[in-house]
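> Residue strings, one per chain:
Protein chains: 2
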Amino acid sequence: MDTALIVGYLASLCSVCSFLPQVRKVIRTGDTEAISTKMYCLTVTGFILWTAFGLMRSEWPIIVTNAACFVLSALILVKKLRS
Amino acid sequence: MDTALIVGYLASLCSVCSFLPQVRKVIRTGDTEAISTKMYCLTVTGFILWTAFGLMRSEWPIIVTNAACFVLSALILVKKLRS
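Top to bottom, those sequences are chains W and R. Residues in the first sequence are numbered consecutively from 1, following the working numbering. Residues in the second sequence are numbered consecutively from 101, following the working numbering.
Calculated from the structure, these hints are not laboratory results. Hints may be right or wrong, so weigh each one.
To be verified - Below 27 Å or equal to it, Euclidean Cα-Cα: the simulated BS3-like pairs (lysine-lysine) are: (1) Lys-179(R) to Lys-79(W); (2) Lys-38(W) to Lys-179(R); (3) Lys-138(R) to Lys-80(W); (4) Lys-180(R) to Lys-38(W); (5) Lys-180(R) to Lys-79(W); (6) Lys-138(R) to Lys-79(W); (7) Lys-80(W) to Lys-179(R).
To be verified - To be clear about the criterion: a stretch of chain W counts as covered by chain R if any three or more of its residues have a C-beta under 8 Å from a C-beta of chain R, and this derived list gives those stretches: (8) 25-34; (9) 51-65.
All of these numbers come straight from a predicted model, not from anything done at the bench. All C-beta atoms in this analysis are idealised placements derived from N, C-alpha and C, irrespective of residue type, glycine included.
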C-alpha cells in the first residue's frame, strides 16, 4: 500500500471521528448555543454532495467516509434545531 | 464538464463555506462553550492529512479545498483554546 493511500485512510478516519466528541458533548450537555446552524446546514449539504460524487465515481472510500460524516453531522444539526 | 465534477465542485464549496458562519459567530460572540475541542483537534489534523494526500497525488482541488478548510477550522480551534 503506497504512503499516499495510508495518509488518505488516516485523513478519512480523522474526518469521521472528529464528529464523535461533538455529538457526545451535545447529547451530554444539551448546549448547542455556540454552534452555528448555518455551518451545519452547509456541512450536511456538503456531505450529501460528496456521497453523491463518490457514488457517481464508484469510489467506496469517498462514499463510506462522507455517508458516515453525513449521519453524524445531521445528528448535531437536528439537536441544534430542536434546542 | 461531467455531472460528477460539478457535484464535486459544489461539495467542495459547501465544505469550505461551511466554516465561515462558525468563524463569524465565534468572533462575534466569543462563545465557544458548546464547541468540542477534541472535535476541532481531529478536524484540523484531518485537513492537514487531506492536504498532504492531495499534494502526494498532485490533486489541486483536494489541496485547495482542504488547505482552506484547515485555515478556517484552525481559527476556530485557536479561539476555543484561548477562551
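> Does the structure break any of the earlier hints, and which numbers would those be?
none
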